[in-house]
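There are 2 protein chains.
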Amino acid sequence: MRKQNHPIFSAILLVFFTAASAADKTPAFTRADLAAAATLRERALSDSTPYQLVESLTTEVGPRPAGSSGDKAAVAWALREMKRLGFANVRTIEATVPHWVRGEAQFAVLAPFPQDMPTLALGGSVGTADEGIEADVVMVKDLAALAALPAGTVKDRIVFFTNRMARSQDGSGYVNAVPVRVQGASAAAALGASAIVIRSIGTSSGRFPHTGAMRYTATAPRIPAVAISNIDADALERQFASGKTVRVRLRSSSRDLPPALSANVVGEIPGTDRANEIVILGAHLDSWDPGVGAIDDGTGVAIMMGVANLIKGLDVKPRRTIRVVLFANEEFGTSGSQAYLAAHQADAASHVLGFEADFGTGPVWRLSSRVNPAQLPVVDEIYRALAPLKLARGGNEARGGADLDGWSKLGMPILEPGLDGTKYFDVHHTANDTMDQVDPQALRQAVAAFATSVWLGSQFSGSWERVTEAKPPRR
Amino acid sequence: MRKQNHPIFSAILLVFFTAASAADKTPAFTRADLAAAATLRERALSDSTPYQLVESLTTEVGPRPAGSSGDKAAVAWALREMKRLGFANVRTIEATVPHWVRGEAQFAVLAPFPQDMPTLALGGSVGTADEGIEADVVMVKDLAALAALPAGTVKDRIVFFTNRMARSQDGSGYVNAVPVRVQGASAAAALGASAIVIRSIGTSSGRFPHTGAMRYTATAPRIPAVAISNIDADALERQFASGKTVRVRLRSSSRDLPPALSANVVGEIPGTDRANEIVILGAHLDSWDPGVGAIDDGTGVAIMMGVANLIKGLDVKPRRTIRVVLFANEEFGTSGSQAYLAAHQADAASHVLGFEADFGTGPVWRLSSRVNPAQLPVVDEIYRALAPLKLARGGNEARGGADLDGWSKLGMPILEPGLDGTKYFDVHHTANDTMDQVDPQALRQAVAAFATSVWLGSQFSGSWERVTEAKPPRR
Chain E
1 MRKQNHPIFS
11 AILLVFFTAA
21 SAADKTPAFT
31 RADLAAAATL
41 RERALSDSTP
51 YQLVESLTTE
61 VGPRPAGSSG
71 DKAAVAWALR
81 EMKRLGFANV
91 RTIEATVPHW
101 VRGEAQFAVL
111 APFPQDMPTL
121 ALGGSVGTAD
131 EGIEADVVMV
141 KDLAALAALP
151 AGTVKDRIVF
161 FTNRMARSQD
171 GSGYVNAVPV
181 RVQGASAAAA
191 LGASAIVIRS
201 IGTSSGRFPH
211 TGAMRYTATA
221 PRIPAVAISN
231 IDADALERQF
241 ASGKTVRVRL
251 RSSSRDLPPA
261 LSANVVGEIP
271 GTDRANEIVI
281 LGAHLDSWDP
291 GVGAIDDGTG
301 VAIMMGVANL
311 IKGLDVKPRR
321 TIRVVLFANE
331 EFGTSGSQAY
341 LAAHQADAAS
351 HVLGFEADFG
361 TGPVWRLSSR
371 VNPAQLPVVD
381 EIYRALAPLK
391 LARGGNEARG
401 GADLDGWSKL
411 GMPILEPGLD
421 GTKYFDVHHT
431 ANDTMDQVDP
441 QALRQAVAAF
451 ATSVWLGSQF
461 SGSWERVTEA
471 KPPRR
Chain S
1 MRKQNHPIFS
11 AILLVFFTAA
21 SAADKTPAFT
31 RADLAAAATL
41 RERALSDSTP
51 YQLVESLTTE
61 VGPRPAGSSG
71 DKAAVAWALR
81 EMKRLGFANV
91 RTIEATVPHW
101 VRGEAQFAVL
111 APFPQDMPTL
121 ALGGSVGTAD
131 EGIEADVVMV
141 KDLAALAALP
151 AGTVKDRIVF
161 FTNRMARSQD
171 GSGYVNAVPV
181 RVQGASAAAA
191 LGASAIVIRS
201 IGTSSGRFPH
211 TGAMRYTATA
221 PRIPAVAISN
231 IDADALERQF
241 ASGKTVRVRL
251 RSSSRDLPPA
261 LSANVVGEIP
271 GTDRANEIVI
281 LGAHLDSWDP
291 GVGAIDDGTG
301 VAIMMGVANL
311 IKGLDVKPRR
321 TIRVVLFANE
331 EFGTSGSQAY
341 LAAHQADAAS
351 HVLGFEADFG
361 TGPVWRLSSR
371 VNPAQLPVVD
381 EIYRALAPLK
391 LARGGNEARG
401 GADLDGWSKL
411 GMPILEPGLD
421 GTKYFDVHHT
431 ANDTMDQVDP
441 QALRQAVAAF
451 ATSVWLGSQF
461 SGSWERVTEA
471 KPPRR
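Chains as they are written, first to last, in this note's numbering: chain E, 1 to 475; chain S, 1 to 475.
Just chain E, with the same shape it has in the complex:
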């Protein structure tokens, strides 16, 4: 039924598109482009290749933090799989990556009520001496509350940040909550604290701490930083509710090793008449180590490889070159995408349009963009081609993900099929980022949305213009 209906439906849309584009005479997309988009969408909705790719990556490689043996295995896996799928120009672009080792961490409440709590060091945190750090705890909500404390309050204490991340579809809850994780240690150290423990930046209701990157400032002492689960943060708050002094011992053997060599892995579906224009499809190959990186970012890898594979399978070839870039080390400072950017300074202008998938398994719920406002009608046409997927129409404030940040700053247009993040932070950066979290149906829908958008982005009859407006602040 659905397949039979689609040609008719596409024809109706075509009439509409043609009318909409009448002002500039040249339609943005040909009838054949739109028909191919519909074909891609349909094929994506029954394609099991992306799911199999995540399954293979998580089973055969598993955890792959920057610098680890898993990181190397992931690069080999990506090269092998891109070649197996028949991508062109499969190659690596080397990147130096930090090599931080998690080690073991223990967090023990000593008073008023002794209890151990599962903990994870934050990525980049220094460790402790073997005997650990034993100190009274000062509880604060967030960075502002810390700054408002009377002088000396946290001296030689461990600071416990309690702020709870809000659940949201678009990830805004994460953006609002994450500064504590990134900046909390140095903020507390500047006030004399000896360590910090944070309520995990995540929405897990299981007893999983969420790790993630932190950064030290140049001036404050480097103190250890760990996370406990939401469940244990609640339990620790209950200990404070007793009115008694809370004392804990924190131990961690996390440590830095010398930087290591990793690589971005690149593969292409070559374009035809506009082959020197690149539509870049970014996802990241590295993952955090407690889980196996299924949704962060195995599904992103699978979406982008799946999209390119579907386009490769069409009878027609894309006008522009579709380039999949699986970036090294997104999680720990994006040195992979920076290396890619540095390697492409000379031909930066050839990167005309970008997509990034780094927000879980799907489904896609809206289409956003960051294009020259004059070209918004083109985005509108792509949005109409996505109509069977029933997406919302987002705004023009998309930023892409972290790996396209540098390109976005250069004004490269971004199309953003928005992955639904409502449940993403339930498992993000936890041991529970595992294969069972991948929803096959949502993943197929996401591939359909990306494939349609990528294809039309590559077929656009005009030229994608650089965005000259200042980049919007991150929400």
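Heads up, some of the hints might be wrong.
As the list claims (entries may be wrong) - Label-pair ranges, simulated between beta-carbon atoms:
#1 Ser-242/E - Asp-273/S: 40 to 50 Å
#2 Ala-76/E - Gly-243/S: 40 to 50 Å
#3 Asp-136/E - Lys-244/S: 28 to 38 Å
#4 Arg-167/E - Ser-205/S: 26 to 36 Å
#5 Lys-244/S - Gly-86/E: 35 to 45 Å
#6 Ser-46/E - Ala-166/S: 26 to 36 Å
#7 Leu-261/E - Ala-151/S: 44 to 54 Å
#8 Gln-169/S - Asp-136/E: 44 to 54 Å
#9 Leu-149/S - Ser-48/E: 28 to 38 Å
It should be emphasised that the hints constitute simulated quantities derived from the structure, not laboratory data. Built from N, CA and C at the ideal position, the CB exists for glycine as well.
Using the hints, position chain S against chain E.
Quick look at chain S alone, frame taken from chain E:
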């Protein structure tokens, strides 16, 4: 509204009860008994004491495996709380308990695809040497499949049991699946295996291994036994799906220390004219160590203490003595309940009726029993008094829980308000058995069901008769 309706409703029921009991002339329950039952039910549905008790136990004591410092703290907690609530005859009955220490366990797949998997030693398992055990793995479904293997198949191998526990309301899925955990190590060792790893006996969809007790036979070598989560069992099965040999390394520092002294904690609401008849309310004070024992069995402790507290708060006193017994060491061989039974050999006959709560947070979904069939009409009357809670009517094959097993074998009648176990095994024996798993509303309903049943059990105008039929096999 509800409160105003109840006296009328109770009156209507009374007429019915009186008619039902007309055959033997004496009503099982007086009008006042039934009115008090309704009062108890209503009060229970708005009583926050049980929830506060679990919160206090999990926060102030936390994990309390037999022999641990938490075990001692739990005994002190129970004595303090029973006294605070004004129970009579608060005392301990000492019990010798095993003192097994979990230590650390690591399970690493070495080939074909290296990955670490979170693991927990099964309770009672021996550990390994520091270097661990490295061996190829033989995958079998269950004990029957192991027994069917050709001779020599598992010699010097690690046996991986894959059988998945089925979800069920009444716990039958657990009963069917758990023999692998209890007997698997010795069954495999008898065939020459060097260790076993089991798919957790539990329904968790998170990455939590479920621990739980295992037992060695006298004849087979003692080999280490660990569990991995359902998620990791799936991942390990995917490694087998490659067709390649799966090789793992297992390390565990679990070990036995000399047995320790613990105690059952007892408190009473004294009876009146039948004070020498005991209605025993059992739950267990110990817990496994990865979590904090919120639903296993903090809620059982809270239900039984809450029920006694509500009965104590009535204007009328119970006819029979309500005795709450918080048993030591249910998890690891029920030595606590055995010690209680041994201490009461002389007055065993005075224990006329038993209740046990060891199946989570509720709600109660049915009323079952094990009574002399001639007294089933009394259970029917109690069931009718529970009508506002809309329970199902279970059969007469109840066994009570593990702690009343000895009493049940002696023929003591059991009334069993059946706690709904559908979700219980999602967190049972995992690190995720934490306070947030306690559903306040379900807990109140469960207390209401137990309070009504316990009260009427204590007020029954006749004498509870010993059950003479053979105890039914465990489903």
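Okay, the hints, checked on the actual structure:
1. Distance hint check for Ser-242/E and Asp-273/S: the Cβ-Cβ separation is about 43 Å, which falls inside the suggested range of 40 to 50 Å.
2. Look at Ala-76/E against Gly-243/S: about 20 Å separates their beta carbons, and that is not inside 40 to 50 Å.
3. Here the CB-CB span from Asp-136/E to Lys-244/S is close to 53 Å, at odds with the stated 28 to 38 Å.
4. For Arg-167/E paired with Ser-205/S, a C-beta distance near 19 Å fails the hint of 26 to 36 Å.
5. Under the hint 35 to 45 Å, the C-beta atoms of Lys-244/S and Gly-86/E, about 26 Å apart, miss the expected range.
6. In this structure the supplied range 26 to 36 Å holds for Ser-46/E paired with Ala-166/S, their Cβ-Cβ distance being about 31 Å.
7. Hint check: Leu-261/E to Ala-151/S, Cβ distance near 51 Å, so the stated range 44 to 54 Å holds.
8. Checking the proposed 44 to 54 Å range against Gln-169/S and Asp-136/E shows it holds: the Cβ atoms sit about 47 Å from each other.
9. A hinted range of 28 to 38 Å holds for the C-beta pair Leu-149/S and Ser-48/E, which are about 34 Å apart.
The structure fails to meet hints 2, 3, 4 and 5 from the earlier list, while all remaining hints are met.
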